[in-house]
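When you get a sec, could you build the whole thing from the sequences and use the hints?
Protein chains in written order, with the numbering used here: chain A, 4 to 255; chain E, 50 to 285.
The set of hints was computed from the structure by calculation and includes no laboratory data.
Since the model is a prediction, treat every value here as computed from it, not as a measurement.
Ideal placement from N, C-alpha and C gives every residue a C-beta, glycine not left out.
Among the clues, some could well be false.
Said to hold, decoys possible - Stretch by stretch, here's where chain A covers chain E in the computed footprint (C-beta under 8 angstroms, at least three residues):
#	region
1	180–191
2	271–280
Said to hold, decoys possible - Residues of chain A placed beyond 12 angstroms of chain E at every Cβ, according to the derived structure:
#	residue
3	D41
4	N46
5	T50
6	N140
7	P148
8	D213
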Amino acid sequence: MKYKNIKYTFLSLLAVVALVSCSDDDDNTPIVVTETCDDGIMNGDETGVDCGGSCTPCEEAMAPDFTGTYAQVDFMGRPGINTVLSADGTIKDAHNVSIPSEMAATFQADFEARLEAYHDVYANILGADPAAVNYENNILGLDAPTLTGYLAADVLEVAPNLPTTYFLPGEDVDMDGNVLNDPAVIGLTGRTPQDDVIDVSLILLFGGADGIRFSGQDTDGDGVADLPRLTSDGVGQTATVGTTFPYLGAPE
Amino acid sequence: MKKSKLFMGLGALALVGVLLVAADHIDAPGAMGTSADIADFYAFEPTEGSDNTVFAVDLQSNVLPDLAYGTFDENVLLEINIDTNNDLVEDLVIQAIPRDGKMYFFGPVAPSETGLNGAIMVDAPLGSVDISAETAIVETTANGVSLFAGPRQDAFFFDFFQFNEVIGGTAPLGFKPAGDPNSTDDDDDTAVDTFDGANTMSIVVELPNSLLGSTTGQNALGLEVYKTWVTTNVKQ
Chain A
4 MKYKNIKYTF LSLLAVVALV SCSDDDDNTP IVVTETCDDG IMNGDETGVD
54 CGGSCTPCEE AMAPDFTGTY AQVDFMGRPG INTVLSADGT IKDAHNVSIP
104 SEMAATFQAD FEARLEAYHD VYANILGADP AAVNYENNIL GLDAPTLTGY
154 LAADVLEVAP NLPTTYFLPG EDVDMDGNVL NDPAVIGLTG RTPQDDVIDV
204 SLILLFGGAD GIRFSGQDTD GDGVADLPRL TSDGVGQTAT VGTTFPYLGA
254 PE
Chain E
50 MKKSKLFMGL GALALVGVLL VAADHIDAPG AMGTSADIAD FYAFEPTEGS
100 DNTVFAVDLQ SNVLPDLAYG TFDENVLLEI NIDTNNDLVE DLVIQAIPRD
150 GKMYFFGPVA PSETGLNGAI MVDAPLGSVD ISAETAIVET TANGVSLFAG
200 PRQDAFFFDF FQFNEVIGGT APLGFKPAGD PNSTDDDDDT AVDTFDGANT
250 MSIVVELPNS LLGSTTGQNA LGLEVYKTWV TTNVKQ
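This is the structure:
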């Protein structure tokens, strides 16, 4: 520790006080100022501001501080999972401070209930019994508990040695009612900025076994759609994506 | 004009608190609109046959007014988590945190602890890059890693207004049909990309797969994959 009496500073302070005729607390108690390694000025035996001499060497002091504990506040794996399948703010917040190994057990039931609630929205609009309009096994052949359990374990898979395809449904070549193990199916190998992840998600959630269960069909041929359009949001990419690093386009 | 109408709509939605935006944009009350809010996450092979993997993370967004946007927060640590053995626990992390105009990267390295709390892996520096303004500044390290941090266009696309109508039960026809993407018509009959014109704060890392090693993870189709996710973490 280093001390010094800053007599001249004190005298000049008194002069300032006298000049501005300030408050009346300018008593005459002697002031002793402590030089420290964090007072923001170069003093004592320091060779730089608050470094060198008996303080931390200047080279070390200039290095950024990376110490401390950091606690998780937000989380993301696959796009849209928390947004679409968590029913309310409480579940969304809980999802953001959870870890993937515990997510399926924690969130699967909530996600399945949410998936059914979306179907009830359209049952009501169509004038049907909500209990009769339910999720139908999708193009992967997954039932509601399996699909929501898979999505609840919210990680983005990326294959190191395969082309990236978020999901591209193929044909049911082996005629087993789903495309899951058919050779034409590729996907789940990553996500590029160009992938239309919303349409893929909508197809898996509302498309049923053929992927087009609710896609604005005119079932009675009167020229007016009788089923809602739920398997595509109708938009393509508007942003610029390049072919070289950093890929994402310059800000607009 | 389409844009001004969009903006009024966004403002009205913000006022009534209807903020359901995917992919992960402003998704939950606890993280919504903060400097730590994750907007999006991409992981991909940059070109067919490449031995590199790219991780791109978008933080913050200006898609709605009054959101935190434009400055990386020195108290927010971004962590890219990579599971290489199929147990959904991170075996490797890549970390990024800003200090005084630079983004510092660490890893890929086994974290000192897994789960919700962690520390910066200072003994495994990957490199650093000046935080860009409009023009991208890219740093390429001796071991073939490319680094970037700065504002970028938000590549996400979604008719978010109509999504809210759909889930709210006020859109009997569901989503709108695709329109002419170059149309400037102000009509309500075709879909609109809510994220057209929005920007985000991006962090992009491209690295050789050799730095990540092999994986025994499998996807639902039986293909070998890394299982990855991103988190933001605030200094305690």
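Problem set entry | Within 8 angstroms of chain A (C-beta), three or more residues of the region 271–280 of chain E | holds (count 9)
Exercise. Would the least Cβ to Cβ distance between A/P148 and chain E come out above 12 angstroms?
Worked result: It holds; A/P148 is separated from chain E by about 15 angstroms at its closest Cβ, greater than 12 angstroms.
For this session: Report holds if the minimum CB distance from A/T50 to chain E is greater than 12 angstroms, and violated otherwise.
Result: About 21 angstroms separates A/T50 from the closest Cβ of chain E, which puts it past 12 angstroms; holds.
Exercise. Taking C-beta pairs only, is A/D213 more than 12 angstroms away from all of chain E?
Worked result: 17 angstroms, holds
Exercise. Is it the case that A/D41 keeps its Cβ farther than 12 angstroms from each residue Cβ in chain E?
Worked result: The assertion about A/D41 holds, with a minimum of 17 angstroms to chain E.
Exercise. Checking the smallest CB distance to chain E, is A/N140 really beyond 12 angstroms?
Worked result: 14 angstroms, holds
Exercise. A/N46 clear of chain E by more than 12 angstroms, beta carbon to beta carbon?
Worked result: A/N46 is indeed farther than 12 angstroms from all Cβ atoms of chain E, at 24 angstroms.
For this session: Would you check chain A against the region 180–191 of chain E, counting CB to CB pairs closer than 8 angstroms, and say if three or more residues qualify?
Result: Per the Cβ count (4), the hint holds.
The structure meets every hint from the earlier list without exception.
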